[in-house]
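Engineer: Could you use the hints to bring the two separately framed chains together as a complex?
If you read the protein sequences in the order shown, they are chains G and D. So for the first sequence, the numbering used here puts the first residue at 12; every next one is plus one. So for the second sequence, the numbering used here puts the first residue at 170; every next one is plus one.
Misleading hints may appear alongside valid ones.
[Claimed, not checked] Residues from chain D that face chain G, not an exhaustive set, calculated with beta carbons under 7 angstroms: (1) Asn171; (2) Ile234; (3) Tyr239; (4) Phe244.
[Said to hold, decoys possible] Restraint-style ranges between C-beta atoms, simulated for each label pair: (5) Ser330/D to Pro266/G: 43 to 51 angstroms; (6) Ile216/D to Asn85/G: 53 to 61 angstroms; (7) Pro266/G to Leu220/D: 44 to 52 angstroms; (8) Pro217/D to Thr199/G: 52 to 60 angstroms; (9) Gly286/D to Gln87/G: 42 to 50 angstroms; (10) Phe177/D to Tyr280/G: 53 to 61 angstroms; (11) Met53/G to Ile335/D: 29 to 37 angstroms; (12) Asn184/G to Leu175/D: 21 to 29 angstroms; (13) Leu175/D to Thr234/G: 30 to 38 angstroms; (14) Phe291/G to Leu326/D: 53 to 61 angstroms; (15) Thr199/G to Leu175/D: 30 to 38 angstroms; (16) Tyr124/G to Ser330/D: 17 to 25 angstroms; (17) Phe316/D to Phe72/G: 27 to 35 angstroms.
Simulated from the structure, these hints should not be mistaken for laboratory data. Remember, predicted model here, so these are calculated numbers, not experimental data. All C-beta atoms in this analysis are idealised placements derived from N, C-alpha and C, irrespective of residue type, glycine included.
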Amino acid sequence: MSNLFQFLKNQFHLFLFVLLLVISIIMLNRNMNYPHYVMATMGQQVAGPVYGFWTRFTSYFELKRENRELLEQNLQLMQLLNANYVIQDDSTYIYTVETGDSLQQQKKQLFAYLNATVIFNTTSKTYNYMIIDKGANDGIMPDMAVIAPQGVVGIVDNVSSRFASVITLLHPNTRLSARIMPVNQLGTILWDTGNPEEVTLHDIPQHLKIEAGDKVITSGYSTIFPANISIGEVSSKKNNINNSFMNITVKLSTPYHKLNHVFVVKNFYRAELDTLKNKFKNE
Amino acid sequence: MNSVILNFSRFFLLIAAQIFICNYVHLFGYLNPYLYIMALLLLPAQIPRWLQYLIAFATGYIIDIFLGSYGVQTFACVLMLFMRPLVEKLVSSKRKRRYESSNSSTQAGKMPGKTFGKMAVYILLLVFIHHLSVVLLETFTFQRIDFHILIAVGNTLFTSSLIIGIEQLFRIRKQKE
Chain G
12 MSNLFQFLKN QFHLFLFVLL LVISIIMLNR NMNYPHYVMA TMGQQVAGPV YGFWTRFTSY
72 FELKRENREL LEQNLQLMQL LNANYVIQDD STYIYTVETG DSLQQQKKQL FAYLNATVIF
132 NTTSKTYNYM IIDKGANDGI MPDMAVIAPQ GVVGIVDNVS SRFASVITLL HPNTRLSARI
192 MPVNQLGTIL WDTGNPEEVT LHDIPQHLKI EAGDKVITSG YSTIFPANIS IGEVSSKKNN
252 INNSFMNITV KLSTPYHKLN HVFVVKNFYR AELDTLKNKF KNE
Chain D
170 MNSVILNFSR FFLLIAAQIF ICNYVHLFGY LNPYLYIMAL LLLPAQIPRW LQYLIAFATG
230 YIIDIFLGSY GVQTFACVLM LFMRPLVEKL VSSKRKRRYE SSNSSTQAGK MPGKTFGKMA
290 VYILLLVFIH HLSVVLLETF TFQRIDFHIL IAVGNTLFTS SLIIGIEQLF RIRKQKE
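If we strip away everything but chain D, and leave its shape as in the complex, we get (with noise of 0.2 angstroms):
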């Protein structure tokens, strides 16, 4: 019961933080950080999937509105959470098999991962597997796809770097208490 509401009331200052301050930012004039993916990446994997693509799914769609980009994140959130167990299994140490993802490491609030490495790549995988979506849906054509690629990049970097700070600073406050 108390995990339920730590995560509604996480989504809630995510999803405020991306249409208050983050839509608002344009760095170099082209990379704008997706700061509210942070909210899916750290839902627990004890949820049913199902109940995750839904969860995906109005996440992606209440930014969508804000964004007036009707499908754009809702298409990348979804696919994002359906790639999550995948690059979990990835980065966690422990062979395992592949429905097994219940017992995995992700609980409220704290990234898969045993090392700050491991961490790392698992979010820069994810990150980068929404922003790509979003960007070739934005564009939706191969026109000058390698600019377009490198915006992903960039973003993809701008937006991790972000989510990796924030963790480690919820982080550093657990381990004081």
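One chain only, chain G, in its complex shape (with noise of 0.2 angstroms):
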């Protein structure tokens, strides 16, 4: 007994390793929904006001990139306004259709948006996620789509109180309906390139003339984003020898690695959208 006591207490360490692996292998099993769920909001309490601290010396370096990209963005929306036709076409017509009464015009919004600052990013992994620093006291739900000056982000994925973590589109579980313009076709954007700065379009026939720099954009069909906002361009092409649809890689148009500043996108007919959604799908 004496000689099994001491085998033990010489092979202790050995015991711990084992142990400690099997730990982490637990720690690592991503089907564990809830537990993941919980270290991950943990993680998130200590990581994000850390990260917080850091970002607000490194978000000096990139001032003056981010203040042309305002400059531009600012251009764009300078000619959305209404105003600006006016002035451009003088004739009352114009006038009284653009801005008309306001009891005939009631114009429905679909959407709103809130800036959040980009804290962390990573975008060399197999599962690439960031966390920005608006949280469910600022209004943010999981499943809230993420979008920057030049295109698509991703979408909301965790939520604490002052942080949310951000599953973006080099994500392998990522699905986003998409439409490739001109031809004006719908498909699906998937991440299985492996690459950061490009992500594959499906479900394209075969018999579309598809040209490289043709415009991808969101097809507005999810009920998490808007339309029309730019994913990528076409950069190359392959017909599929097994079916009738081609495989499309599309480069982003997002710089992924130099993200600071995004905007979190609210649908306010979400619930509405997704309970008649459902409805089709029992039937």
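Structural biologist: Following this line, the structure appears as structure tokens:
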């Protein structure tokens, strides 16, 4: 018996080694949703403030580029203003149609935008994600869309009180409904290239004429993303031998490795649309 | 007592460097150095092995929190410290019995191996063990395995050159004093 204890004492480090390996493998298991969610939320509460503190310093280095981009975006927005059209074309007809009577033209607001700062971001991993500095306190909920001035970024995943994690497009589980212009065909965007600058577009039939440089935009058919947000441009295409579809490689318009400011999109009618969709599924 | 403070400050500095600098480095888009494992490589071998494993577990978990990759770094760190005595035996010139590693040359702040070549082999081997397990656990698939191993090798060279560079820098300063 004492020999046994002596043996256990001598080999204690081996048992501990195996135990620690088993614990880390349990942590690795992505299928256990609830424990993983608890761990991710707890981790965010530690990592979020630290990264937030550090981003306060590093964001200064990006200011010049950010300013230039903001100016460009301001310019685009100014061109969309109603007032622009009135000044450009002074005819009374266009003036009344554009501004009109407020009672006749009731506008429905479908989407609202919140701005957020990226405080951590991965692009070179297999499962990429980012953390933004807005959370449940700011009205962020899971499954909201995240976009940048240049294009699509991702979908909100976990939300803690002051931070939220975002699954970017560079994640094997992301599916995105897309439209390729000018042929106006719907497809699905997947990330299976492993390259942080490219995604692939599936479900485009082979008989369509696709050229390199064709624009790929969001379709607006999902309840998450608004329509007509840029995803990227076609960089190459290849016919699939097994079926009648093409494999199209799309170069992303969003520079994921230098994202700093993003917008979170809230869909006011999300719940309503989802219940309609679910009813259809159940039948 | 002095060496405990030295070790703690080294862990603190290297983990901070990992979180604030190395996590933002993406050489060629893929290579991301894990500099913090230098603190584990420099851990004195006199510490009982169960304590070494616990230290590795805690260090890996802290980095995992900041990378959002729960379990990956933890597993790799514990495995690396398990392999450390074996690699150390490989590079040390004298023949030793297995559990005599407490007499080994790994003291606080010094890598084992008398010559530069042996020290480099020690660092390269252990860093490769860590990086390979990180890459394999992160992807968790054998698809495009050649590509992932290539990334592990490239990343190993990157991290090792950083570690060897820092090690040489401090060695030269120590010799001058």
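Engineer: None of the hints should be skipped; say for each whether it holds.
Structural biologist: Hints versus structure:
1. Look at Asn171/D: its Cβ only gets to about 26 angstroms from chain G, farther than 7 angstroms, so that hint breaks.
2. A distance limit of 7 angstroms between C-beta atoms decides the matter here; for Ile234/D the minimum to chain G is near 4 angstroms, and the interface restraint holds.
3. Evaluation of the Tyr239/D hint against chain G yields a held restraint, the C-beta minimum of about 5 angstroms falling below 7 angstroms.
4. Taking 7 angstroms as the C-beta cut-off, the interface hint given for Phe244/D holds, the closest approach to chain G being about 4 angstroms.
5. For the pair Ser330/D and Pro266/G, the supplied restraint of 43 to 51 angstroms is violated, since their beta-carbon distance comes to about 28 angstroms.
6. Taken as a hint, the range 53 to 61 angstroms holds for the pair Ile216/D and Asn85/G, whose Cβ atoms sit roughly 59 angstroms apart.
7. One distance hint, 44 to 52 angstroms for the beta-carbon pair Pro266/G and Leu220/D, holds here, with the actual separation near 45 angstroms.
8. Distance hint for Pro217/D and Thr199/G: a CB-CB separation of about 55 angstroms, consistent with the stated range 52 to 60 angstroms.
9. A hinted range of 42 to 50 angstroms is violated for the C-beta pair Gly286/D and Gln87/G, which are about 60 angstroms apart.
10. Roughly 55 angstroms separates the CB atoms of Phe177/D and Tyr280/G, a value that falls within the hinted 53 to 61 angstroms.
11. Roughly 32 angstroms separates the CB atoms of Met53/G and Ile335/D, a value that falls within the hinted 29 to 37 angstroms.
12. A beta carbon spacing of about 45 angstroms between Asn184/G and Leu175/D contradicts the range 21 to 29 angstroms that was offered as a hint.
13. For Leu175/D paired with Thr234/G, a C-beta distance near 57 angstroms fails the hint of 30 to 38 angstroms.
14. The supplied range of 53 to 61 angstroms is met by Phe291/G and Leu326/D, whose beta-carbon atoms lie about 55 angstroms from each other.
15. The supplied range of 30 to 38 angstroms is broken by Thr199/G and Leu175/D, whose beta-carbon atoms lie about 56 angstroms from each other.
16. Judged by the Cβ atoms, the range 17 to 25 angstroms given for Tyr124/G and Ser330/D is violated: they are separated by roughly 45 angstroms.
17. Remark: the range hint 27 to 35 angstroms for Phe316/D to Phe72/G is upheld by a beta-carbon distance near 32 angstroms.
Checked against the numbered hints given earlier, this structure breaks hints 1, 5, 9, 12, 13, 15 and 16; the rest are met.
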